[in-house]
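Q: The chain contents come next:
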Amino acid sequence: MEFEFDEDQLLLRQTVRETLAKTRTLPDDELWATYTSLGWLEAPPVELAIVLDELGYVADPTPFLATATWFAPLAGRLPGGSGTGVFDGAGRFVLDADRADEVALLTAGGVVVVPGAELAAQRLDTFDLRLHVAHVSAAGLLPGVPDLALMGLAATTVGACRRILDLVVAHVKQRQQFGVPIGSFQAVKHKAADMYVAIERARVLAYYCALTIAENDPRRHRAALMAKAAAGECQQVVYRNGAQLFGAMGFTWESELHIYLKRAVAGNLLLGPAAVHRKALLEMLAAATPETGVAAL
Amino acid sequence: MRLGANPEVEKFRAEFAAFLDEHLPTAAEATDRSKSSSHIPEWARRWQQTLFDAGWLLPGQPPRYGGRNATLEQVLAHQEELSRRGIYHSFNPQGIGIIAASLLTFGTEEQKQQWAVPLLRAEITASIGMSEPGAGSDLAGLRTRAVLDGDHFVVNGQKVWTSGAHDADVLLTFVRTDPDAPKHRGISALLIPTDSEGLVRRPFPSMTGTDDVDFNEVFFTDVAVPKENLIGELNNGWAVANGSLGHERTMLWISYAERLEDLIRDAPSDQEWYATLQMDLQALRLLGYEQLSGGRNPAEVSVLKLFGSEAVQQATWHALEERGQDGLVHPARTAPPNHMGHDVFCNSWFERYARTLPATIAGGTSEVHRNIIAERILGLPR
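Sequence lines, in order, name chains A and B.
Residue numbering for the first sequence follows my numbering, beginning at 1 and increasing consecutively.
Residue numbering for the second sequence follows my numbering, beginning at 1 and increasing consecutively.
Here chain B stands alone, though its shape is the one from the complex (with noise of 0.2 Å):
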């Protein structure tokens, strides 16, 4: 144990963050506003093609996929200086962390360049088609069909969820493909085309407003699919989901922190939650550091999961009732927005707190993380 920089980490942090302040866009160039996490503003996707150009978009990849081979600590070191800016590095944020991460796995090289160069550069944009109607925290009891027909696969059901899908141009959709197998064993992974004959998308809005409009209901009739399009083995779709989240859950909580860093800033306070919020910051970066370090119980990422995701939501939730009266005015702006990042973030303190809902329940639900701990990590039986 030791406090104190890396002077390996420290240097790349400054090597990016000289990056930064050469090439960040200005508020005059960003004016248009992503609106779904599958819609990248034309600014945008120069930003995006200039980080992977410059090896600093996935910068634990190699060169020619948007990195320089960096370590998992100067991974965190970049997700930091973009995190303390409030930058988006990409506004199809699962595009590049889950979808094409995944395809850099389990792709094929043709795959990789059909598909996961694009994403990367901002080319096309992608979105995630994994629940369902009856598929939610029971992930692997989805029923999307998908038959293998000749030289392509037939696809019929239904996902939901699905953010981002009326802007995306391609689906990494999850199918059954073996009905007869134990139900993690006949799942298999394609990228879907969004403009695939039979393929329909219903966008629908949160809570927040008929304006926020991410969500999505896909519907698959018939919809045929290249056989090259799948993803990894035939019926082994369940590695790749979990392979894909993996990517996604480790630096997770860096969202969480840096949500609680937004608090600080916008609701300083002298009531006793804002010292169990510092706390909880606090032991958030320490656990995520630790996690890093390698060696450990993969099924901690959960105490991460959880505790990140309940401790915003708690704060935030503090945040809103400090004001008062006040707090029932909506819609409002918070914080001054940052034209790199998400406005979300700034508005009324109620769709602040509203906003943490989705943490609690996307990526496995706070009490699904609370079985995983319960039995992967105190051996409790199933």
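In isolation and in its complexed conformation, chain A is listed as follows (with noise of 0.2 Å):
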């Protein structure tokens, strides 16, 4: 196995950094002709992955997400504009119907791709206000969530939980009380260090389920759970102690601290939290042998 990224790979995240940092005040629509015209949506699920553990990182408020990981599996390729997929078999919390230009659904006669306007499906208020989720009440719906809407979910907690550290490390260091930077205490170390264990956990096993797909491995299943549930687990440990840690100006409006704490919670409900995905990976492993060793991987 080979689990370092290629120089095109290193380019690609380059790009994407660069790119989102001189977008971030754009309007969505803007910010969706950007991303497509770039090829994000065609990349590869590796790729992807790059792109969207980015994205996560600045909580983006456009449909690239739904599109890319939840239409496209679904539906075999890409929408004519955005698109999202329906596989819950109940249509409930469907990201980007409202504004979807397709949604695909999984159907018990299978896969059917509608106009989104049909569905007139209407925007749920959430907590995240970058993000767009609504019912869809449509007939004969099947459940049958793709790995790759797993995987896409877990990058970009990753990548949101990455900015909550980001901001907690800067706050750390310039915030002085007592006459010493609030970052030179243990406790405070203690806790962005595990909050930094717990992403590097999640970020590996979001990658290797990326991997897995991406080859069209058998384990690809069980690596989307994984990524799933650890990316849901290191979302827990990297809010709580990044609230924390940010003190009371975490928990206004005027830090921006909360748009990524919120996407984070949210990457971890939507699809179900990560005690479903524990759940799922138990019953799977009572009916696997166990691998051991790296050449397993």
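Where hints are given, some of them may not hold.
[To be verified] Think about it this way: if two alpha-carbon atoms lie no more than 20 Å apart in a straight line, the pair counts; the simulated SDA-like pairs of lysine to any residue are:
id, chain 1, residue 1, chain 2, residue 2
1, A, Lys191, B, Pro203
2, A, Lys279, B, His318
3, B, Lys35, B, Ser269
4, A, Lys279, B, Ser269
5, B, Lys183, B, Leu234
6, A, Lys191, B, Leu234
7, A, Lys191, B, Thr360
8, A, Lys279, B, Pro336
Read the hints as simulated data drawn from the structure, not as lab findings.
With the hints in hand, could you dock these two chains into one complex?
A: Following this line, the structure appears as structure tokens:
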């Protein structure tokens, strides 16, 4: 196995970072036009994970995640414009169903793609104001979550968590109390270190999941359950420690911390929180024989 | 990024597996057990020599030091094949992994021939004298003194936690040679034979039982140590200490992965902790593998140490707790003993849990590693 990014992947990450640093004040439609013109929607799974990690870092407000990881794996193609997928069997909490140009529905009769306008889904009020979520009513829906959708939310959550840690590190380095930066206190350092470890654990599992999808490896579903569960667990540590270390300012609308805290929580809750995926993993493991060593990677 | 085995590594792995199939001692040969980390039973000495002679002991080293110039990825495959079979390549792990490895990095040609080769061939064993009653996490605060007097050093002071010292032939001892220098700069490394006059060892048992004796206090009273036993340059012992532990640290995570795999074998469960264990194991392998590729911040090794040791501790706690009242039974066997390994990992669930503590204390406590991550990776002020 090779688990390092190659030069093209490193270059892509650099490009995405530079682009997002420049576009942060643009309206949603201009952001969307930028992403599509750069070909990010066509990115294969590992490259897509790189893009989504960075989009999580900026709490992206566009329908990129839904289009690339909810619509595409279901429909087997990219939509004309934006898209999303309905695959939970109940049509509840569908990302971007209120604004997608095309919606792929998983039904008893196979995947059906309908124009988004036809569904007339109403956006729900949620705590993450940059996120679009809606219920969809359609007949004959079946459950069947694509691995890519789990990976997408995992990578997004990891990105949001990285942002939270960066904001927290910057804060505790400059915030002075008792005559010293609070980042020099061990109690603060240890919370920050635990955030870092949680992110590292979730990061490798998210990218490993992307890699198994890219190679259509038989372990892809197990990897997807692990990635989504680990991202949710990471979010719990990063939210709790991050909000705590940021102090009272983190509870206000004045600081931007809340934007990323909310994106991280949303990433955990969408398609079910960590506990749901741990349980699914257990059911899967009960039927499998364990593998040992890196040779098994 | 890509999945799948590297053919060069798999060829190497297959070659080693074939060697093991042919040469592994049988259970009938391997009846005597190792009593401490510096006690190698006769059969295990022969086994270690066989590995040395065939270049399978420390595969990353050149052939004259028991290796075959293997790549890091091949060294990992070697460790995994041993681990998969529950095999110890040496029952003096610190002797070959830390002390001989340090000699090969910092020693003179004479020192390599006089000490490293006999250690690697299991003709002698060694322990490491680092911690002191007043110098644990603050290792650089050590106070055992060595004063050069003509052709020898005179050593006075005390070490503690010196694992296996009562069975060792020689101690790699870190001593203060310049009391006036800043604390990291006045330390030197000496090889001290345990039969030196004035050296007294007092072994003491661990909490798991009075028969589990590995720890020692070692007292030095005017111990004369020949000048030629200085390893590396005078007052450059801190580099030797870091180098020595460096050898150990990059691959340490494999032992945690091994413990997690043991739990998968011995304590399968339908409870949530078991899913966490599987995720921890997978993440640990990926992080460990990523670290091998190089080019990363060396402080990332602290992530592996902290994460791996705490994952093992947490999972083993759950395995114990899930036994309920049956977990009270001790001594007990919780897995079939492996004649090539240590019995301790097959003992009672309580003992298995208790034995996860050294992993979060030795080699830097979890608290020290959190500080390292915060300061050297996240850049928080000291």
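Q: If a hint holds in the structure, say so; if it doesn't, say that too.
A: Structure-based check of each hint:
For the suggested pair lysine 191/A and proline 203/B, the alpha carbons sit about 38 Å apart, so the restraint of at most 20 Å is broken. Between the alpha carbons of lysine 279/A and histidine 318/B the distance comes to roughly 16 Å, so the proposed pair stays at or under 20 Å and holds. At roughly 33 Å between alpha-carbon atoms, lysine 35/B and serine 269/B are farther apart than 20 Å, so this suggested pair is violated. Taking the CA atoms of lysine 279/A and serine 269/B, the gap is about 12 Å. The hint holds against a cut of 20 Å.
Of the supplied pair hints, the one linking lysine 183/B and leucine 234/B holds, its CA atoms being roughly 14 Å apart against a limit of 20 Å. A distance of roughly 39 Å separates the Cα atoms of lysine 191/A and leucine 234/B; the hinted pair therefore is violated under the 20 Å criterion. Distance hint between lysine 191/A and threonine 360/B is fulfilled; the C-alpha atoms sit about 17 Å from each other, no more than 20 Å. Taken as a hint, the lysine 279/A and proline 336/B pair is broken in the structure, with Cα atoms around 30 Å apart against an allowance of 20 Å.
In summary, the numbered hints that this structure violates are 1, 3, 6, 8.
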